[in-house]
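Asks: Chain by chain, the residues run as shown.
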Amino acid sequence: MSLRTDLGRARGLGSAKGGTSHWWAQRVTAVGLIPLSLWFIYSAITLVGIDHAGFKIWLNAPGSILLMALFVIALFYHMQLGLQVVIEDYVHNERNKIISLVLNKLGAVLLAVSSIIALIKVAFGG
Amino acid sequence: MTTGNRPLSPHLQVYKPQITSVLSILHRITGIGLAVGSLMLVYWLNAAAYGPEVFERAQEFLASWLGKILLLGWTWALFYHLCNGIRHMFWDAGRGLELPQVHISGWLVVIFSVILTVLSWSAGYGMLGGA
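Protein chains in written order, with our numbering: chain R, 1 to 126; chain P, 1001 to 1131.
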């Protein structure tokens, strides 16, 4: 016995109206985050108790700013996808759900862009 | 189009907690916790962008007992979410779906997340002592 309606089966998009694109993007960002988050933890350990000058030197070392930018982008993309599912699961009021989903997307972009601008400021600032 | 007569799922509370269900909800809880932790990362990076004084204050907070407890929690949450995420990828590939395998991989995730957390914090304290 199938639990899906005829229309639902015909459209093939599932409850989130997004087909498989959300699932796929979550996996792609997850795969990227495996090396990136391990690198981030390793870096965070080497940065324990660092002062501002030391942090700037680290950020200007080869690869640091590139990997930090990639980490932040993958992190907030993945976070947005995950929180979206949580919102879809628990917020049942349609209006609140749409507002939450939009805020989730805008918030993720805001956090990612503000992180990258901060990285650029530290790396190239005086 | 009929939607009636679908089976209803019983409420969560009637189930005894099991390794499968507990680890599943932990994946979501650690994910939400890490989302909160990402705010600390953004604050830390922006503190560095504002200059040495503000960055110093951020570093002082992270070195405080409250900062350390939060960082310890986020370290474990990240390792748990990472390990269990890899477990999910094996399932996505159609592997390890038998119940005994699910139990073993579940306990492996728990053990690895704790070991990696302890190793990371030992290394972190080593940085302080060794410098």
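Derived by calculation from the structure, the hints in this document are not laboratory data. Yeah, the Cβ is synthetic: ideal placement off N, Cα and C, and Gly gets one too. Among the hints, erroneous ones may be present.
Claimed, not checked - Pairs of lysine to any residue, SDA-like flavour, derived with a Cα cap of 25 angstroms:
#1 P:1068 / R:105
#2 R:56 / P:1016
#3 P:1068 / P:1057
#4 R:121 / P:1020
#5 R:97 / R:116
#6 R:56 / P:1033
#7 R:105 / P:1125
#8 R:56 / P:1093
#9 R:97 / P:1024
#10 R:56 / P:1046
#11 R:56 / P:1028
#12 R:105 / R:69
#13 P:1016 / R:121
#14 R:56 / R:45
#15 P:1016 / R:45
#16 R:97 / P:1116
#17 R:97 / P:1008
#18 R:97 / P:1031
#19 P:1068 / R:45
#20 P:1016 / P:1026
#21 P:1068 / P:1036
#22 R:56 / P:1026
#23 P:1068 / P:1016
#24 R:121 / P:1061
#25 R:121 / P:1044
#26 R:105 / P:1053
#27 R:97 / P:1039
#28 R:105 / P:1116
#29 R:121 / P:1008
#30 R:56 / P:1049
#31 P:1068 / R:97
#32 R:105 / P:1029
#33 R:56 / P:1029
#34 R:56 / P:1008
#35 P:1068 / P:1011
#36 R:97 / P:1033
As the list claims (entries may be wrong) - Covered stretches of chain R, going by a simulated chain P footprint (3 or more residues, C-beta under 8 angstroms):
#37 26-34
#38 45-55
#39 79-90
#40 107-115
Asks: A separate judgement is required for each hint: does it hold in the structure or not?
Replies: Each hint tested on the structure:
For the suggested pair residue 1068 (chain P) and residue 105 (chain R), the alpha carbons sit about 30 angstroms apart, so the restraint of at most 25 angstroms is broken. A hinted pair counts as satisfied when its Cα atoms are at most 25 angstroms apart, and residue 56 (chain R) with residue 1016 (chain P) does not qualify at roughly 51 angstroms. Of the pairs offered as hints, the one joining residue 1068 (chain P) and residue 1057 (chain P) holds, with about 14 angstroms between alpha carbons and a cut-off of 25 angstroms not exceeded. Note on residue 121 (chain R) and residue 1020 (chain P): the hinted pairing is violated, with a Cα-Cα distance of about 45 angstroms set against a maximum of 25 angstroms.
The straight-line distance between the Cα atoms of residue 97 (chain R) and residue 116 (chain R) is roughly 29 angstroms, outside the 25 angstroms bound, and the hint therefore fails. The suggested pairing of residue 56 (chain R) with residue 1033 (chain P) is violated, with an alpha-carbon distance near 28 angstroms, which exceeds 25 angstroms. About 37 angstroms separates the Cα atoms of residue 105 (chain R) and residue 1125 (chain P), which puts this hinted pair outside 25 angstroms; it is violated. Among the hinted pairs, residue 56 (chain R) with residue 1093 (chain P) is inconsistent with the structure: their alpha-carbon atoms are about 42 angstroms apart, more than 25 angstroms.
A threshold of 25 angstroms between alpha carbons decides the hint, and for residue 97 (chain R) with residue 1024 (chain P) the separation of about 23 angstroms falls inside it, so the pair holds. For the hint linking residue 56 (chain R) to residue 1046 (chain P), the alpha-carbon distance of about 13 angstroms falls within 25 angstroms, and the restraint holds. Note on residue 56 (chain R) and residue 1028 (chain P): the hinted pairing is violated, with a Cα-Cα distance of about 35 angstroms set against a maximum of 25 angstroms. Restraint check: the Cα-Cα separation between residue 105 (chain R) and residue 69 (chain R) comes to about 18 angstroms, which is no more than 25 angstroms; the hinted pair holds.
Taking the CA atoms of residue 1016 (chain P) and residue 121 (chain R), the gap is about 52 angstroms. The hint is violated against a cut of 25 angstroms. For a cut-off of 25 angstroms, the pair hint linking residue 56 (chain R) to residue 45 (chain R) stands: about 16 angstroms separates their Cα positions. Simply put, residue 1016 (chain P) and residue 45 (chain R) have alpha-carbon atoms about 39 angstroms apart, too far for the 25 angstroms limit, and the pair is violated. For a cut-off of 25 angstroms, the pair hint linking residue 97 (chain R) to residue 1116 (chain P) is broken: about 37 angstroms separates their Cα positions.
Restraint check for residue 97 (chain R) and residue 1008 (chain P): the C-alpha separation of about 23 angstroms stays at or below 25 angstroms, so the hint holds. A threshold of 25 angstroms between alpha carbons decides the hint, and for residue 97 (chain R) with residue 1031 (chain P) the separation of about 19 angstroms falls inside it, so the pair holds. Under the criterion of a C-alpha separation no larger than 25 angstroms, the hint pairing residue 1068 (chain P) with residue 45 (chain R) is consistent with the structure, at around 13 angstroms. Taking the CA atoms of residue 1016 (chain P) and residue 1026 (chain P), the gap is about 16 angstroms. The hint holds against a cut of 25 angstroms.
A C-alpha spacing of about 15 angstroms is found between residue 1068 (chain P) and residue 1036 (chain P), which places the hinted pair at or below 25 angstroms, so the restraint holds. At roughly 36 angstroms between alpha-carbon atoms, residue 56 (chain R) and residue 1026 (chain P) are farther apart than 25 angstroms, so this suggested pair is violated. The hinted pair formed by residue 1068 (chain P) and residue 1016 (chain P) fails the criterion: a straight-line CA distance of about 34 angstroms is larger than 25 angstroms. Proposed proximity of residue 121 (chain R) and residue 1061 (chain P) is supported: the alpha carbons are some 22 angstroms apart, at most 25 angstroms.
A C-alpha spacing of about 13 angstroms is found between residue 121 (chain R) and residue 1044 (chain P), which places the hinted pair at or below 25 angstroms, so the restraint holds. Between residue 105 (chain R) and residue 1053 (chain P) the alpha-carbon distance is near 32 angstroms, which puts this suggested pair outside the 25 angstroms criterion. Straight-line distance between C-alpha atoms of residue 97 (chain R) and residue 1039 (chain P) comes to about 22 angstroms, which keeps the hinted pair within the 25 angstroms bound. For the hint pairing residue 105 (chain R) with residue 1116 (chain P), the CA-to-CA distance comes to about 32 angstroms; that exceeds 25 angstroms, so the pair is violated.
Of the supplied pair hints, the one linking residue 121 (chain R) and residue 1008 (chain P) is violated, its CA atoms being roughly 54 angstroms apart against a limit of 25 angstroms. For the hint pairing residue 56 (chain R) with residue 1049 (chain P), the CA-to-CA distance comes to about 10 angstroms; that is within 25 angstroms, so the pair holds. With a CA separation close to 35 angstroms, the supplied pair residue 1068 (chain P) and residue 97 (chain R) exceeds the 25 angstroms bound. With a CA separation close to 20 angstroms, the supplied pair residue 105 (chain R) and residue 1029 (chain P) stays within the 25 angstroms bound.
With a C-alpha separation of about 34 angstroms, the suggested pairing of residue 56 (chain R) with residue 1029 (chain P) is violated against the 25 angstroms cut-off. For the proposed pair residue 56 (chain R) and residue 1008 (chain P), the alpha carbon gap of about 57 angstroms is over 25 angstroms, so the pair is violated. About 37 angstroms separates the Cα atoms of residue 1068 (chain P) and residue 1011 (chain P), which puts this hinted pair outside 25 angstroms; it is violated. For the hint linking residue 97 (chain R) to residue 1033 (chain P), the alpha-carbon distance of about 21 angstroms falls within 25 angstroms, and the restraint holds.
A stretch counts as covered by a chain when three or more of its residues have a beta carbon under 8 angstroms from one of that chain; for the segment 26-34 of chain R and chain P the count is 5, and the coverage holds. As drawn, the segment 45-55 of chain R meets chain P at 9 residues by the rule of a beta-carbon pair under 8 angstroms; at three or more, the given contact holds. Under the rule that three or more residues need a Cβ within less than 8 angstroms of chain P, the assignment of the segment 79-90 of chain R holds, with 4 such residues. Chain P is given as covering the segment 107-115 of chain R, and this holds because 3 residues of the stretch bring a CB closer than 8 angstroms to a CB of that chain, at least three being needed.
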